[in-house]
Amino acid sequence: MSWGIGAVSRNESISASAERLQERDTAVAVVGLSCRLPSAADPARFWRLLTGGSSAVSQVPPGRWNSDAATSGETGWGAFLDQVDGFDAEFFGVSPREARAMDPQQRLALELGWEVLEDAGLPPAAVRGSDTGVFIGMTADDYGALDRLRGPASIGHHTLTGLNRSMAANRLSYVLGLRGRAWWWTPGSRRRWWRCTWRARACGAGSRPRRSPAVCTSI
Numbered sequence: 000m001s002w003g004i005g006a007v008s009r010n011e012s013i014s015a016s017a018e019r020l021q022e023r024d025t026a027v028a029v030v031g032l033s034c035r036l037p038s039a040a041d042p043a044r045f046w047r048l049l050t051g052g053s054s055a056v057s058q059v060p061p062g063r064w065n066s067d068a069a070t071s072g073e074t075g076w077g078a079f080l081d082q083v084d085g086f087d088a089e090f091f092g093v094s095p096r097e098a099r100a101m102d103p104q105q106r107l108a109l110e111l112g113w114e115v116l117e118d119a120g121l122p123p124a125a126v127r128g129s130d131t132g133v134f135i136g137m138t139a140d141d142y143g144a145l146d147r148l149r150g151p152a153s154i155g156h157h158t159l160t161g162l163n164r165s166m167a168a169n170r171l172s173y174v175l176g177l178r179g180r181a182w183w184w185t186p187g188s189r190r191r192w193w194r195c196t197w198r199a200r201a202c203g204a205g206s207r208p209r210r211s212p213a214v215c216t217s218i
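In terms of numbering that gives the first Met the number 0, the sequence shown is residues 0 to 218.
The set of hints was computed from the structure by calculation and includes no laboratory data.
The C-beta atom is built at its ideal place from N, Cα and C for all residues, glycine as well.
Don't take every hint at face value.
Stated by the list, open to error - Ranges between beta-carbon positions, derived for each pair:
#1 145 to 125: 27 to 33 Å
#2 49 to 76: 19 to 25 Å
#3 64 to 99: 15 to 21 Å
#4 44 to 96: 19 to 25 Å
#5 95 to 165: 21 to 27 Å
#6 124 to 150: 25 to 31 Å
Given the sequences, and given the hints that come with them, work out the whole structure.
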């Protein structure tokens, strides 16, 4: 995949061109926010948590994991998200069976992507079909690790898409009907972050992506 970053005139150096593009890219408008953090299910609650100097650490909620482990003294505390099992599968056009196979991070991506539009005051129809990109950083694979511990019997029709972290961005793009890039990367990888940032800046500079016909197939 390749991207253009604008033409450079014969009399303009590469560094000067980069400075020009950087100046054009300094103004970024954040029109919508959403978050799902321990003790803070939205940006307003997160702000209150910060300004109040409160702690999001609590005892392990009932039913989160083995009760014996939770009372061992070493794993009795943590920072937990509320209502992680409250995903409305029907609302997003996901079957109950597929929802059970989905990594909770994929479910959260759908919920938070929708909440971003609500916070921005944008109806979904306003972005459907637009060249809007989705960029998601996701690194943990806890759900997949738990699924593998259950053995081959846990493999089902939706295992591949449900546990593939790259599907988070794709799902959100599909549900919202977006036509821009849907990109996942590992936040701990500086190289991928740099590439993602560079491409976002290129879009801000007015360049257009040249799409590649390459396809990755899993069997």
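So, going through the hints one by one against the coordinates:
1. Hint check: residue 145 to residue 125, Cβ distance near 38 Å, so the stated range 27 to 33 Å is violated.
2. Between residue 49 and residue 76 the beta carbon distance is about 20 Å. The supplied range of 19 to 25 Å therefore holds.
3. For residue 64 paired with residue 99, a C-beta distance near 18 Å keeps the hint of 15 to 21 Å intact.
4. Look at residue 44 against residue 96: about 33 Å separates their beta carbons, and that is not inside 19 to 25 Å.
5. Look at residue 95 against residue 165: about 23 Å separates their beta carbons, and that is inside 21 to 27 Å.
6. Separated by about 44 Å at the C-beta atoms, residue 124 and residue 150 break the suggested range of 25 to 31 Å.
When the structure is compared with the earlier hints, violations turn up for hints 1, 4, 6 and for no others.
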